[in-house]
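J.: Residue numbers (our numbering), protein chains in the order written: chain A, 1 to 273; chain B, 1 to 322.
Treat the hints with caution; some may be incorrect.
To give an idea of the interface, some chain B residues facing chain A are shown, with a C-beta separation under 7 Å as derived from the structure [as the list claims (entries may be wrong)]: (1) PHE28; (2) LEU54; (3) ARG84; (4) ARG87; (5) PHE95; (6) THR100; (7) ASN103; (8) VAL105; (9) GLY115; (10) ALA118; (11) HIS119; (12) HIS152.
These are calculated hints, taken from the structure and not from any lab test.
Since the structure is predicted, the reported quantities are computational estimates derived from the model, not experimental observations.
Here a beta-carbon is modelled for each residue, glycine too, at the ideal position from N, C-alpha and C.
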Amino acid sequence: MTRPWRSAGARAALGTLALLALAALVAPLLLPDPAAAPDPLGARLLVPSLAHPLGTDALSRDVLARLAHGTGISLRVGLLAALVAGALGALVGLGAAAAGGLADDLLMRGTDALASIPRAFAVLFAVAAWPGMPLGGFTLLLGITGWMAVARIVAAEGRRMMAGDAVAAARALGAGRRRIILRHLLPNAAGQLIVATALGVGEAMLLEAGLSFLGAGVRPPTPSLGTLLHDGKDALAAAPWLTVAPGLVLTAAVLATNRLGDALRDAFDPRQR
Amino acid sequence: MTLLSVEDLRIAFPAPGGAVHPVDGVSFTVDRGETLALVGESGCGKSLTALALLQLVPPPGRVVGGRVRLGEVDVTALRGEALRAVRGRRIGMVFQDPLTSLNPVLRVGDQVAEGLVAHGMAQGVAARRRAVELLREVGIADAEARADAYPHQLSGGMRQRVGIAIALAAEPELLVADEPTTALDVTVQAQILELIDQLRQQRGMGVLLITHDLGIVAGRADRVAVMYAGQVVEACPTAELFAAPAHPYTRGLLASVPRLTGPVGRLTPIGGTVPPPAQWPPACRFEPRCPERFARCASERPTLLPAGDGHVTRCWLAEPGR
Chain A
1 MTRPWRSAGA
11 RAALGTLALL
21 ALAALVAPLL
31 LPDPAAAPDP
41 LGARLLVPSL
51 AHPLGTDALS
61 RDVLARLAHG
71 TGISLRVGLL
81 AALVAGALGA
91 LVGLGAAAAG
101 GLADDLLMRG
111 TDALASIPRA
121 FAVLFAVAAW
131 PGMPLGGFTL
141 LLGITGWMAV
151 ARIVAAEGRR
161 MMAGDAVAAA
171 RALGAGRRRI
181 ILRHLLPNAA
191 GQLIVATALG
201 VGEAMLLEAG
211 LSFLGAGVRP
221 PTPSLGTLLH
231 DGKDALAAAP
241 WLTVAPGLVL
251 TAAVLATNRL
261 GDALRDAFDP
271 RQR
Chain B
1 MTLLSVEDLR
11 IAFPAPGGAV
21 HPVDGVSFTV
31 DRGETLALVG
41 ESGCGKSLTA
51 LALLQLVPPP
61 GRVVGGRVRL
71 GEVDVTALRG
81 EALRAVRGRR
91 IGMVFQDPLT
101 SLNPVLRVGD
111 QVAEGLVAHG
121 MAQGVAARRR
131 AVELLREVGI
141 ADAEARADAY
151 PHQLSGGMRQ
161 RVGIAIALAA
171 EPELLVADEP
181 TTALDVTVQA
191 QILELIDQLR
201 QQRGMGVLLI
211 THDLGIVAGR
221 ADRVAVMYAG
231 QVVEACPTAE
241 LFAAPAHPYT
251 RGLLASVPRL
261 TGPVGRLTPI
271 GGTVPPPAQW
281 PPACRFEPRC
291 PERFARCASE
301 RPTLLPAGDG
311 HVTRCWLAEP
321 GR
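Model the full assembly from the supplied sequences, consistent with the hints where possible.
T.: In structure tokens:
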């Protein structure tokens, strides 16, 4: 479990994410309330200073506080959505592979059909149909629109295993379908599942940011990286720090989760040891 | 006492222009404590026959005729839990290539324990302890530590020992070994065969040894069944096979194997190749390649004819009065 972390890239990724998560956790203790605007009109669009390290926004709120808080929310949305997608994808993909034959075909063609619907469109549609959608609902929605790619990858690996001697040997030992899925298909597909899920974190964070930017994701006044970008766009020329800071954080977080997926796969795959 | 009895087994695969039968009426028996070698070239149906014993014929193939009887149980009729209870528990199977038949991401100790757990014979710490015992029993030194290794960390011979330990975990009455040494170095082959033989004696198991290698047969098997094109063409005690082979195909096989004793002579290969199942001749299947064929061979399908004590051959040459 140690070798993958010797790579500088993996350590940088882990460090970046740890830093972002830590910032999101301790920010509420050290920084002002992100919603607080002591002087709603008098402190608008302040340049970064000691009192406000990243300045203030159009409603006189401290941008650093909002960024820290928003990073936490975006990370949480991305992570939970990816975990939901990973779990659903594993369930469908491994189920299809283990069942084989017609059931496999039906499940995977259904997956293809769902994957053909643009994800952003599906989420926008659902948000429009449910105007007061809470954050949890939005997160879940990102998850259940994002499992198809995972299912395909996992099903391919599962099918490869099913055709191999190891599963034949397990069946010859009297292993049932549940045991074959849990002991053979899942551990062998775990590496790919981890990578796909980690990629899903970045994808969900980007999608959250995009939809929130359009006003269809996380709802103001709750901050997220997307709503921060949205809030900053009207003052792009006057106060570029409003968009540059959340943009950089988003980029760093997505790059780090993608790199972390590779490191986790290496850490969990005994063949790499 | 007969342990396994395969009667007229037929396996069909769908093919354009009608189903083909790569296993077509195979019969043989294995007694308790006995080793039967099933010998033949690739494509003769010997591995499919082995898989059919546990209903593991890969789809779309399926058993369309005959029976596999284990003691009083008709294995071909079993379904669901009853079938699962036979797999591993009454019939253990050793696969050809331990590198592909072992799960690469599970520790070998856990894989040996799997058969015990699947049949409710042991769990947790007890299963682990038994797994280590089994690894020791198949001759793995430092079994306690090896149990924590992954398959890729072991040598080929060691991996096949693990494969044998897995097959033996639930103490089956019959061990089916499908080309157990083909993927191994020659020096290791003898050790693995010796191990199987020794375990057979200790446990009184029946062993079905599937191989293409007559050299393996000579030392290890009590009886031999030779397969050609989906059928058993000759069956007899091992010594008899080498002393007085009755079927021209068997004689051809023996002539194409180099001998270590006696004068050095030319090897005589069998002319032609094994045809695919769709092109098997309607009468005697070996007829087109047979150096001793005569008119009847192309027109009438030979049955298994007696050729001595416990010796049968599927050849018109053995018919009395010829």
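J.: Give a verdict on every hint.
T.: Hint check:
Because the beta carbon of PHE28 (chain B) sits about 20 Å from the nearest beta carbon in chain A, more than 7 Å, this interface hint is broken. Hint status for LEU54 (chain B): holds, given a least beta-carbon distance of 5 Å to chain A, under 7 Å. Because the beta carbon of ARG84 (chain B) sits about 5 Å from the nearest beta carbon in chain A, less than 7 Å, this interface hint is met. With a least beta-carbon distance of about 4 Å to chain A, the hint placing ARG87 (chain B) at the interface is held under the 7 Å criterion.
With its C-beta approaching chain A no nearer than about 5 Å, PHE95 (chain B) sits inside the 7 Å limit, and its interface hint holds. For THR100 (chain B), the shortest C-beta to C-beta distance to chain A is roughly 4 Å, which falls under 7 Å, so the interface hint holds. The interface hint given for ASN103 (chain B) holds, since its Cβ lies 5 Å from the closest Cβ of chain A, which is under the 7 Å cut-off. With a least beta-carbon distance of about 4 Å to chain A, the hint placing VAL105 (chain B) at the interface is held under the 7 Å criterion.
Because the beta carbon of GLY115 (chain B) sits about 5 Å from the nearest beta carbon in chain A, less than 7 Å, this interface hint is met. A least Cβ separation of about 5 Å between ALA118 (chain B) and chain A falls short of the 7 Å threshold, and the interface hint therefore holds. With a cut of 7 Å, the hint placing HIS119 (chain B) at the interface with chain A holds, because the nearest CB-to-CB distance is about 6 Å. The interface hint given for HIS152 (chain B) is met, as the beta carbon of that residue sits about 6 Å from the closest beta carbon of chain A, less than 7 Å.
The structure is inconsistent with hint 1 alone, although it conforms to all the rest.
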